[in-house]
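Undergrad: Chain by chain, the residues:
Protein chains: 4
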Amino acid sequence: MTRAHPPSPRPPVVLFTGFEPFGGEAANPSALAAQALDGQLIAGHRVVAAVLPTVFGASLARLDDLIRLHQPALVLCCGQAGGRAAISLERVAINVDDARIPDNAGAQPVDRPVVAGAPAAYFSSLPIKAMLQALQRAGLPAEVSQTAGTFVCNHVFYGLMHRLAEPGFAGVRGGLVHIPWLPAQGSPCLPLEATIEGLRIAIACALATEADIRLAAGALD
Amino acid sequence: MTRAHPPSPRPPVVLFTGFEPFGGEAANPSALAAQALDGQLIAGHRVVAAVLPTVFGASLARLDDLIRLHQPALVLCCGQAGGRAAISLERVAINVDDARIPDNAGAQPVDRPVVAGAPAAYFSSLPIKAMLQALQRAGLPAEVSQTAGTFVCNHVFYGLMHRLAEPGFAGVRGGLVHIPWLPAQGSPCLPLEATIEGLRIAIACALATEADIRLAAGALD
Amino acid sequence: MTRAHPPSPRPPVVLFTGFEPFGGEAANPSALAAQALDGQLIAGHRVVAAVLPTVFGASLARLDDLIRLHQPALVLCCGQAGGRAAISLERVAINVDDARIPDNAGAQPVDRPVVAGAPAAYFSSLPIKAMLQALQRAGLPAEVSQTAGTFVCNHVFYGLMHRLAEPGFAGVRGGLVHIPWLPAQGSPCLPLEATIEGLRIAIACALATEADIRLAAGALD
Amino acid sequence: MTRAHPPSPRPPVVLFTGFEPFGGEAANPSALAAQALDGQLIAGHRVVAAVLPTVFGASLARLDDLIRLHQPALVLCCGQAGGRAAISLERVAINVDDARIPDNAGAQPVDRPVVAGAPAAYFSSLPIKAMLQALQRAGLPAEVSQTAGTFVCNHVFYGLMHRLAEPGFAGVRGGLVHIPWLPAQGSPCLPLEATIEGLRIAIACALATEADIRLAAGALD
Chain A
22 MTRAHPPSPR PPVVLFTGFE PFGGEAANPS ALAAQALDGQ LIAGHRVVAA
72 VLPTVFGASL ARLDDLIRLH QPALVLCCGQ AGGRAAISLE RVAINVDDAR
122 IPDNAGAQPV DRPVVAGAPA AYFSSLPIKA MLQALQRAGL PAEVSQTAGT
172 FVCNHVFYGL MHRLAEPGFA GVRGGLVHIP WLPAQGSPCL PLEATIEGLR
222 IAIACALATE ADIRLAAGAL D
Chain B
22 MTRAHPPSPR PPVVLFTGFE PFGGEAANPS ALAAQALDGQ LIAGHRVVAA
72 VLPTVFGASL ARLDDLIRLH QPALVLCCGQ AGGRAAISLE RVAINVDDAR
122 IPDNAGAQPV DRPVVAGAPA AYFSSLPIKA MLQALQRAGL PAEVSQTAGT
172 FVCNHVFYGL MHRLAEPGFA GVRGGLVHIP WLPAQGSPCL PLEATIEGLR
222 IAIACALATE ADIRLAAGAL D
Chain C
22 MTRAHPPSPR PPVVLFTGFE PFGGEAANPS ALAAQALDGQ LIAGHRVVAA
72 VLPTVFGASL ARLDDLIRLH QPALVLCCGQ AGGRAAISLE RVAINVDDAR
122 IPDNAGAQPV DRPVVAGAPA AYFSSLPIKA MLQALQRAGL PAEVSQTAGT
172 FVCNHVFYGL MHRLAEPGFA GVRGGLVHIP WLPAQGSPCL PLEATIEGLR
222 IAIACALATE ADIRLAAGAL D
Chain D
22 MTRAHPPSPR PPVVLFTGFE PFGGEAANPS ALAAQALDGQ LIAGHRVVAA
72 VLPTVFGASL ARLDDLIRLH QPALVLCCGQ AGGRAAISLE RVAINVDDAR
122 IPDNAGAQPV DRPVVAGAPA AYFSSLPIKA MLQALQRAGL PAEVSQTAGT
172 FVCNHVFYGL MHRLAEPGFA GVRGGLVHIP WLPAQGSPCL PLEATIEGLR
222 IAIACALATE ADIRLAAGAL D
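Residue numbers (the numbering used here), protein chains in the order written: chain A, 22 to 242; chain B, 22 to 242; chain C, 22 to 242; chain D, 22 to 242.
It should be emphasised that the hints constitute simulated quantities derived from the structure, not laboratory data. Don't take each hint at face value.
Now the stretches of chain A that chain B is said to cover, found in silico as 3 or more residues with beta-carbon under 8 Å [to be verified]:
#, segment
1, 94 to 105
2, 114 to 122
3, 125 to 138
4, 166 to 173
Here the structure is a predicted model, which is why all the values come from computation and not from measurement. Yeah, the Cβ is synthetic: ideal placement off N, Cα and C, and Gly gets one too.
The shape of chain A in the complex, shown without the other chains (with noise of 0.2 Å):
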C-alpha cells in the first residue's frame, strides 16, 4: 500500500475508527484494524484512523473532532461484535442507549436516547450490499446486519448518522461495520489479517460505489 510519489495535493480523506477494548477483555480487533490501516492509501483516499473511548458521550465527542479537524469524504467506524462469525454491515442505527453492561467510564444508561428529540433511526449512507458482494466475491465471511445493538457501538453510529444528515455535510457517506473476535477472544472468529482485508476492501468498494446494487440480504427475523 506504500507510494513513493503520493499525489500531491494531499488526497480527500477516509476517516476510520475503532474502539479501546471494553467489557474486561485486554483486546478490541477494531482498536488493532485502526492501528494497521492508519495512513493507508485505498483507491486515491488517504486513510486517518483513530481510537475512540468505549464509552458513552465521549465517544461521540472525539468522532466530532475529528470529522471537523480532517473532513472526510467517508466515515467508516468499525466496532467488535463478539459473536459474530462474519463482517457485518450494519444497516441501521437506532436512537436509543440501552446498556447491559457499564461503559469503560462505567456508565450504563437504560432506554436513553442518544440524542434526545431526534428520529428513531438512520440508515447507513454506505453501499452495504456492494460491499457485501465485494466481500463474499474475495472469499470473506460478510453479512449485512439488522441491528448494531444498543451500547456504545450503535451510539456512535447513530451519533455519526445525525451529524452528518446536517446541511454541511452533503455527499459525506457513513456508517459502521462490525468485526468478529480475534481467535485469541473466543470462538467464533476471524484471523486479523482476515478482518483487515476486509475492511481495505469495504473502504475501497464504498469509494467506487456511487449507487448501491440490489442484493437480497435481509433478515426473516
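Dock chains B, C and D against chain A, hints included.
TA: Same frame as chain A, but now just chains B, C and D:
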C-alpha cells in the same frame, strides 16, 4: 378464562394477529396462538384474533381493516422467529422490506421502503421491559430483541406503528412479539402451551402497565 | 400419577439421579426434576430419585451405593446442559475426564480416564430412538446427542455403563439425559414443567420398549 | 515450503485425505485443502493427499488402499463441518453409522456399526492438545471436539483408528480434523488460506510432538 357472565357493555378489544405458515412450513405457531387466544378475556379486555397472510402489502391491508372494524385499545402482532429460543419482545420496526425468500404471494422486494417517505423507524409503544419481567417471573424464556428482521413481520410491525402514529390513534398501543418454533419445526423451540401462556401474560402486563419500567435489556452488538 | 392402590409387593425401581448446581449457578434443573419425580409411579415402577454431588469420583461412589441399595431395573442419570435447547438423549459415554472448570470439590482433571484400563466408550443401553419419538410426539423439544461432554455428567454416565457391563447386571438398562437450562438461568431454556413432563415420558418409553426402533438421528459432524 | 535440495532417500509420508462435496454442496474445503497440500514438504515429511468419496464403505476401502500403498508415518483425515467456527481437532471416533442424509452413493445407514464386533470407540492418537496450542499461538481459531458426528467423517475416522490398532501399525499415528465452511458456503466460515495454514501447522505440530501436553479443552456437556 371462564366467562359465565360476560361484562356488559362489551369490553374493550385487544387485537391479536398471527401469520400464515410461510417458507414451505406446514404450521406457524403464531396462527395456532391466534386460534387459542381468540375470544379470551384478559384483564377485562376481549381478544379478537386473526391470522394475516404472510404477504407484503396484503398483510397490512388486512391489519388496517381489522383496526378499523374493532377499534382496539391495544394491538399485538405476533410472528414466528425460527432460530430464536425465547419469546422476543421487539423494540423497533424499520422502514425497509428486504426479503431473503418470496412471500406467500411470490413477491420478494429488496431494499424497498414499507411506506415511502416515512420515518426510518418506529419504536414499539408496548411496555416491553415490564413485559420481559413478567414473563421471566413466570419462568418463561423471554428477551428484548433489537431487530424484527426485514420480512413480513417487520413490514406489518412498521405499518402498524406508522398507522398508530396518526392523530386518531392517541393512546392506542401496539407492537410485535416473535415466538420460537414449535418442537415439530426444529430446534430451538418452545412447547405451544408455554408460548400461549407467555402471550397471555404479555398482554395482561401491557394492559396493566402505564409507564414502562427501567430494566437493562440491550445488546452489545 | 394417582396411586390409590399401590401395587403389592413393592414395584420394581427406576433410579433417577440429578446433580447439584455447579459452575457458580444457584440451581440445577436436574436436581429439581429429581425432587419432582421422587416417589412417582411410572408404568408400574417406583422412581427413587437422588441428587449426586457434582464431583469427580464422589458422584460415582454415590451412584454405586444407590444401585447396590435399590437394585433398580433401570437407571436414568440426568444432568444440565447449558446452551442446549432440547432434551438430549445421550448416545455414548467416553472414558475421559477433561474439566474446563473445577468440580464442586475443586478438582479439575485433564485427560484422565474415568476408569483406567477400561474401554474407550460405552453406548447407552436405553432405547434412545424410541424415546426421541415419544418426546417429539408429545410436542416436546428432543434430540439425540453424540457427546455428553467430558465433565462430571459424562464421568457418571461412563461409570454407570461400566458398572452395568458387569455380569451381575444383565438386563439392567441405563443412560444419561441432558436437559436445558431453566428460564432463569439463560437462553436457550425450557420451562421446568415441560422438562419434568419430558423425563416422565422418557422413562415410561424406556420401560415399555424392548428393542429400540430404527430412526435416523445422527449428526453430520 | 519448496526446498532446493529435497532430502534423499525419499522422505517419510504424511497421508492427508479430504472428502468429495456432499449434501448437494458444490465444494468441500477439505478437498481444496488436499489439493493445496499435496506434494508439500512439512517437517521433513512429504504430504501425499487424496480426496475420498463421501460414501460409507467405499471411503474406507480407498483409505486402506492409500495406507497400504504409501505406508505413511502419520495419517490426517480431514472433513468439512458446516456450522463450526473453528478448526476442530477430533478426540474420539465411535463405532456407529447414523446418517441424517444419504451419502454420495445414496446409502443412509441407521445405527449400524462401522465394524461389527469392534470396540465402541477409539481415541485419536494425534497430540490434539499440542496441536490446539500451536493453532491458537498462530492466531487461528481452533478447538478440541468431543464428537465427529455419525456420518462419513466419523466412519472414516473410526475405520482408520481400527486399522492403526492392528499390530503392523505400531507407531503410526492418525486422527481426524474438521474444518469450517468456505465463506461462499455460509456462516460461520473460515477463509481457505487460513484453513490451509492451520492444517499445515497442525501437521507440523503432530510430527514434532512425542507426548501430548496437558491442557484443559473439554466440554461441560
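Undergrad: Which numbered hints does this structure break?
TA: Result: no hint breaks.
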